[in-house]
Amino acid sequence: MTDTTATPRRLPNRLDSPFKATVLSWESLLVLVAIAIFILNSLASPYFLNEWSLSDMTFNFTEKALIALAMALLIISGEIDLSVAAIIALASTLMGWALQFGADTPALVAIGIGTGILCGAFNGFLVTGLKLPSIVVTIGTMSLFRGISFIILGDQSFKGYPASFSWFGQGYVYWVISFELVLFLVCAAVYFVLLQRTNFGRRVYAIGNNDVAAEFSGVRVARTKFILFCLTGLMSGMAAVLLTARLGSTRPSIAEGWELEAITMVVLGGVSILGGAGSIVGVVLAALIMGLVTFGLGLLNVPGIVMSIFIGALLIMVIALPILFRMWRQRSSVRSA
Amino acid sequence: MTEPILTLSGISKSFPGVRALNDVSLELYPGEVTALIGENGAGKSTLVKTMTGIYQPDAGEIRVAGKIVTLPTAHSASAVGITAIHQETVLFDEMTVAENIYLGHAPRNRFGMIDWRKMRAEARATLDAMAAGIDPDIKLRELGIAKKHLVAVARALSIDAAVVIMDEPTAALSQKEIEELYVLIELLKQDGKAILFISHKFDEIYRIADRFIVFRDGEQVGKGMIKNTTQSQIVQMMVGRAVDHIFPERTATIGETVLEANGLSHPTEFEDISFAVSKGEILGFYGLVGAGRSEVMQAVFGMTQPSSGSLVLNGQIISPKSAADAVEAGIVYVPEERGKQGVITGEPIFKNVSLPSLRKTSKSGFLRMAEEYALARTYTERLDLRASSLSQDVSTLSGGNQQKVVIAKWLATLPKVIILDEPTKGIDIGSKAAVHQFMSELVAEGLSVIMVSSELPEVLGMSDRIVVMREGRIVDTLENNGLQPETLVRLAAGIAEEQAA
Amino acid sequence: MKALTKHREIWLGLAILLLLVIVTARFPRFAQPQNLLTIFNDTSILMMLALGQMVVILTRSIDLSMAANLALTGMIVAMTNAAFPGAPIPLLMAMCVVIGAGLGAFNGVLVWKLSIPPIVVTLGTLTIYRGLVFVISNGAWVNAAQMSPDFINLQRMVFLGLPLLSWFAIVVALLFWLMMTRTPLGRSFYAIGVNPTASVYTGIDVGRTKFMAFTIAGAMAGLCGYLWVSRYVIASTEVASGYELTIIAACVIGGVSIAGGIGTVTGVLLGALFLGVINNALPVINISPFWQMAISGSAILLAVVLNARGEQRKGRIILKKAEAV
Numbered sequence: 001m002t003d004t005t006a007t008p009r010r011l012p013n014r015l016d017s018p019f020k021a022t023v024l025s026w027e028s029l030l031v032l033v034a035i036a037i038f039i040l041n042s043l044a045s046p047y048f049l050n051e052w053s054l055s056d057m058t059f060n061f062t063e064k065a066l067i068a069l070a071m072a073l074l075i076i077s078g079e080i081d082l083s084v085a086a087i088i089a090l091a092s093t094l095m096g097w098a099l100q101f102g103a104d105t106p107a108l109v110a111i112g113i114g115t116g117i118l119c120g121a122f123n124g125f126l127v128t129g130l131k132l133p134s135i136v137v138t139i140g141t142m143s144l145f146r147g148i149s150f151i152i153l154g155d156q157s158f159k160g161y162p163a164s165f166s167w168f169g170q171g172y173v174y175w176v177i178s179f180e181l182v183l184f185l186v187c188a189a190v191y192f193v194l195l196q197r198t199n200f201g202r203r204v205y206a207i208g209n210n211d212v213a214a215e216f217s218g219v220r221v222a223r224t225k226f227i228l229f230c231l232t233g234l235m236s237g238m239a240a241v242l243l244t245a246r247l248g249s250t251r252p253s254i255a256e257g258w259e260l261e262a263i264t265m266v267v268l269g270g271v272s273i274l275g276g277a278g279s280i281v282g283v284v285l286a287a288l289i290m291g292l293v294t295f296g297l298g299l300l301n302v303p304g305i306v307m308s309i310f311i312g313a314l315l316i317m318v319i320a321l322p323i324l325f326r327m328w329r330q331r332s333s334v335r336s337a
Numbered sequence: 001m002t003e004p005i006l007t008l009s010g011i012s013k014s015f016p017g018v019r020a021l022n023d024v025s026l027e028l029y030p031g032e033v034t035a036l037i038g039e040n041g042a043g044k045s046t047l048v049k050t051m052t053g054i055y056q057p058d059a060g061e062i063r064v065a066g067k068i069v070t071l072p073t074a075h076s077a078s079a080v081g082i083t084a085i086h087q088e089t090v091l092f093d094e095m096t097v098a099e100n101i102y103l104g105h106a107p108r109n110r111f112g113m114i115d116w117r118k119m120r121a122e123a124r125a126t127l128d129a130m131a132a133g134i135d136p137d138i139k140l141r142e143l144g145i146a147k148k149h150l151v152a153v154a155r156a157l158s159i160d161a162a163v164v165i166m167d168e169p170t171a172a173l174s175q176k177e178i179e180e181l182y183v184l185i186e187l188l189k190q191d192g193k194a195i196l197f198i199s200h201k202f203d204e205i206y207r208i209a210d211r212f213i214v215f216r217d218g219e220q221v222g223k224g225m226i227k228n229t230t231q232s233q234i235v236q237m238m239v240g241r242a243v244d245h246i247f248p249e250r251t252a253t254i255g256e257t258v259l260e261a262n263g264l265s266h267p268t269e270f271e272d273i274s275f276a277v278s279k280g281e282i283l284g285f286y287g288l289v290g291a292g293r294s295e296v297m298q299a300v301f302g303m304t305q306p307s308s309g310s311l312v313l314n315g316q317i318i319s320p321k322s323a324a325d326a327v328e329a330g331i332v333y334v335p336e337e338r339g340k341q342g343v344i345t346g347e348p349i350f351k352n353v354s355l356p357s358l359r360k361t362s363k364s365g366f367l368r369m370a371e372e373y374a375l376a377r378t379y380t381e382r383l384d385l386r387a388s389s390l391s392q393d394v395s396t397l398s399g400g401n402q403q404k405v406v407i408a409k410w411l412a413t414l415p416k417v418i419i420l421d422e423p424t425k426g427i428d429i430g431s432k433a434a435v436h437q438f439m440s441e442l443v444a445e446g447l448s449v450i451m452v453s454s455e456l457p458e459v460l461g462m463s464d465r466i467v468v469m470r471e472g473r474i475v476d477t478l479e480n481n482g483l484q485p486e487t488l489v490r491l492a493a494g495i496a497e498e499q500a501a
Numbered sequence: 001m002k003a004l005t006k007h008r009e010i011w012l013g014l015a016i017l018l019l020l021v022i023v024t025a026r027f028p029r030f031a032q033p034q035n036l037l038t039i040f041n042d043t044s045i046l047m048m049l050a051l052g053q054m055v056v057i058l059t060r061s062i063d064l065s066m067a068a069n070l071a072l073t074g075m076i077v078a079m080t081n082a083a084f085p086g087a088p089i090p091l092l093m094a095m096c097v098v099i100g101a102g103l104g105a106f107n108g109v110l111v112w113k114l115s116i117p118p119i120v121v122t123l124g125t126l127t128i129y130r131g132l133v134f135v136i137s138n139g140a141w142v143n144a145a146q147m148s149p150d151f152i153n154l155q156r157m158v159f160l161g162l163p164l165l166s167w168f169a170i171v172v173a174l175l176f177w178l179m180m181t182r183t184p185l186g187r188s189f190y191a192i193g194v195n196p197t198a199s200v201y202t203g204i205d206v207g208r209t210k211f212m213a214f215t216i217a218g219a220m221a222g223l224c225g226y227l228w229v230s231r232y233v234i235a236s237t238e239v240a241s242g243y244e245l246t247i248i249a250a251c252v253i254g255g256v257s258i259a260g261g262i263g264t265v266t267g268v269l270l271g272a273l274f275l276g277v278i279n280n281a282l283p284v285i286n287i288s289p290f291w292q293m294a295i296s297g298s299a300i301l302l303a304v305v306l307n308a309r310g311e312q313r314k315g316r317i318i319l320k321k322a323e324a325v
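Residue numbers (my numbering), protein chains in the order written: chain P, 1 to 337; chain F, 1 to 501; chain E, 1 to 325.
Isolated chain P (complex conformation):
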């Protein structure tokens, strides 16, 4: 097909320059969008360009973005987890429940994160062990996990978390830099390395591109996917700790709808919903953009539900526009030919 005729020759590593690829990437577009929204925000509201405003803004996305990091890997591998918000609810409920028995801060954190990992492992077992489709499995566990929270809590709520616990969601490490933000940046760095610089990450991409061929190439597909579900559970557990600490209370309806926002971040970040492509840098930028949009609209007193229209439209548009552009270019090239 594109074979050239030159016989025994040295194959170059690559032809295109990495620089050019970076400039033309989805991530660079996201950077431009982020800058534009940042400028719009600062023009729209005089309160925006203030270190405390900006710090508050980060609380809008850090918890969801933590989940989005792991979700990105899961979606790249060709699976999905719709139960993440329900895991938060269950983890938060069990933390509140343990609090009634006098659990201290380290125990609370351990319970929150432990619950997350167990829930993720349960999803992972159903998907990889029993070979069930992840969409239905996690729709089921989504009802199951949140349902357990409802059974435990009903219309009640848990309150009275200790101050040392609240620090995770309300504390600042230095100046206006919150613990949540620092934790998110550290996790983003870890996930970046994991996905882009390790054997594990390379196998995740291979599985997402073609899991049958990956299996035939000796990749342990089921094991890898199981680990990814556990990681998603772990991140949901961490988000549960942060969110519970920030709100200072637990209701079974906590974090409702977050699964959709986390997935939107992932897709907006350039991860293919069909698997096999995407980057952590994109997801981080998408999280930032969504934080900026929500915060900016909030400054303009736009109600949250209206913001969701923007998010929904954004999700469809970022996927539709490149497709439309490609169709338009094909049509015009046919016409000129």
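In case anyone wonders, no lab produced these hints; they're calculated from the structure.
Each hint should be verified, as a subset may be incorrect.
Residues from chain P that keep clear of chain E, each with C-beta distances beyond 12 angstroms, as calculated [to be verified]:
| no. | residue |
| --- | --- |
| 1 | Ser28 |
| 2 | Leu43 |
| 3 | Ala44 |
| 4 | Trp52 |
| 5 | Ala107 |
| 6 | Ser149 |
Label-pair distances were calculated between CB atoms; the ranges are [said to hold, decoys possible]:
| no. | chain 1 | residue 1 | chain 2 | residue 2 | range |
| --- | --- | --- | --- | --- | --- |
| 7 | E | Leu185 | F | Thr2 | 39 to 47 angstroms |
| 8 | F | Gln56 | E | Gly13 | 47 to 55 angstroms |
| 9 | E | Thr197 | P | Phe101 | 24 to 32 angstroms |
Note that this is a predicted model, so its numbers are computed, not measured.
We treat Cβ as the ideally placed atom computed from N, Cα and C, and that holds for glycine.
Go by the hints and put chains F and E onto chain P.
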């Protein structure tokens, strides 16, 4: 002489980077069988897709009964009376046989609703007329591959088409079923239908075809009446030169047994499979398509678990539970379905090659790209891979070069046994020779090679010993010493010696 | 195989009966015909929605926006009724079906013409449609006082001992059954789910068929938009929030394969009834309604495990003894 019912003239079709059809013409006459002959990749399937509305030609015109038609959809093709029976039976496993025959043109009652009773009755009548012995009410998935094929034929009959395209219809059929198919084709001919018959088998072309047309590299290189043409003339047109493919000369130095299978069985796929392959040996597996050879190999490779039997590798019993286990043990598998199971399309060449060897190229789990490039370069250059760079997406490579990537991937793991499943299917003659040359180098270096192939010359030209399979069982294991091709065909098709004599 | 598919529905029917028997054993009033009819009536809306969803899932797609579609159409019809109390109800219902179908068709166009994965499309339209409810209503509710008596009472009118709502469900179910078994469109939903490639060769336009599926699901969501707001006599932004998952649950429990191509009208009706019986039984046996969510979650998981066991590929059939004749 009658007028052709279907005329194609000046048809061209290109895909990015490749010209699949170049100024091709074709006429099909009512009541006649025209054989379409050509190597894999000569453009036969592209032509079929153009005639059935799946592809749109870039240039040229199609006439049905003298009138120019366009075929923008598959539906429009069947509306003008063109129907195809495809190579891979593309039917619906979860639906009943009757519905598979009538989907898209089911009989309706006066309310415009599908008339199931009539549909079942007509399906039964059609199947009975073919003496197929198939119950129209069972789901298609319950049938074996040969019977599925008969359902596809029944579907073509039910459409009442003027033109019937048969794309290698006999590939998976037993001799008895093939004879039955010939009877059906005679019926179709008497009915005045024009038949385009695509086949690799000269005996059947000479048996049933009236005309032939030969393709090579997307161009039409010859046509005529079968009865005025000799077999060698057609072969010459196909390959463009009067040479038999020359297989590499080698003297086998066969060592001790490396891999031994004892009585492997599976509930639906194969039964009591025993064979052994030694160091430096090429063991051929011959049989008709669907005889269960690939299934046996995938069990050896750990993709499926046999229900009984054992595998012994270098004197140790192994039971690989996954491909990863098999690779670790030193058994690798080059699958027949290259696009689905071989290469990871969407990823570059070097990532495909390094995937099973990441543990070697990385350092404590972290990637080292330089090592990966080096590894990929070593093995792809040894196979003479043609590509622009190691970062080229494998999906943009030709079939032959994709195959080289898959083989390079496995050689990099330094295996003991390499299983090649139809290693030269659908690749060009140049790559074919390279793969054969390479196989003989591998055994010379002391590897054991198992080669599954349906191509007689390849099996006879490359193997030291040949295992013949039929319907999930081993029929015989033969030393490749002056073996006659007819012997293999008879064994594979299940024709008794005395009956043929 | 046919027997097994049939079995799945029989088993589900038996499970529902068993549920009824257990509850009735302790509370004899539960199995009284009147109560059973109430359960059927309570489940009618879910049945219609699940039938719409089934068509979409059969084509290897999913529609997460059905509940949001329902809320939006419901709000539009409630506001129309409040503004023009004299408008005839059948006209309003027709309007609902058209609006719902239009919203569904929007999903369908994105899936068909731009080949965007259905889950992404409907995730996006889910938030858009739900947000639009707020925008058009300005966050306000439409309550009983603003609705005309006809608007509220139509579905409660009794015909041959059954409320009209139940009759709607029965008629819709019959129409779906006819469509799925007797029309080329219905069969092509199955065909593209079983084997999209082969469908193309059979002359089926896969994209257009998916578009039809989304439009039909949207029409159902639209019809149920009216039925929902008139039944609960309230239209608000929160109407049927999260209900999209209950709809999918009814399908999965009813034996619809999320991988497409497998599912029947009877199965889906039974799946919806199963959830309906549980919802009605919980308060009777004094279990807090807060258990409902966990129970339906478990039911989904159980159903999907059982479905998968029935569908498990046996591999190719090569050995003659393994072949059915």
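*Cβ separation of leucine 185 of chain E and threonine 2 of chain F, checked against the hinted range 39 to 47 angstroms*: Cβ of leucine 185 of chain E to Cβ of threonine 2 of chain F: about 40 angstroms, so the range 39 to 47 angstroms holds.
**Asked** With d taken as the least Cβ-Cβ distance between leucine 43 of chain P and chain E, does d exceed 12 angstroms?
**Response** The assertion about leucine 43 of chain P holds, with a minimum of 24 angstroms to chain E.
**Prompt:** Hey, does alanine 107 of chain P actually stay past 12 angstroms from chain E on C-beta?
**Reply:** About 25 angstroms separates alanine 107 of chain P from the closest Cβ of chain E, which puts it past 12 angstroms; holds.
* Beyond 12 angstroms from every Cβ of chain E: is that where the Cβ of alanine 44 of chain P lies? -> The claim stands: alanine 44 of chain P keeps its Cβ more than 12 angstroms from every Cβ of chain E (closest is about 20 angstroms).
Measuring from beta carbon to beta carbon, are glutamine 56 of chain F and glycine 13 of chain E in 47 to 55 angstroms? Check passed, 50 angstroms falls within 47 to 55 angstroms.
* Going by Cβ atoms, does tryptophan 52 of chain P stay more than 12 angstroms from chain E at every point? -> Nearest chain E Cβ is 29 angstroms from tryptophan 52 of chain P, so the label holds.
Q. Does serine 28 of chain P sit more than 12 angstroms from chain E, CB to CB?
A. holds, 22 angstroms
- Would serine 149 of chain P pass as off the interface with chain E, using Cβ distances and a cut of 12 angstroms? Nearest chain E Cβ is 9 angstroms from serine 149 of chain P, so the label is violated.
Q) At the C-beta level, are threonine 197 of chain E and phenylalanine 101 of chain P separated by a distance inside 24 to 32 angstroms? A) The hinted range 24 to 32 angstroms is violated for threonine 197 of chain E and phenylalanine 101 of chain P, with Cβ atoms some 58 angstroms apart.
Comparing the model with each numbered hint stated earlier shows that hints 6 and 9 do not hold.
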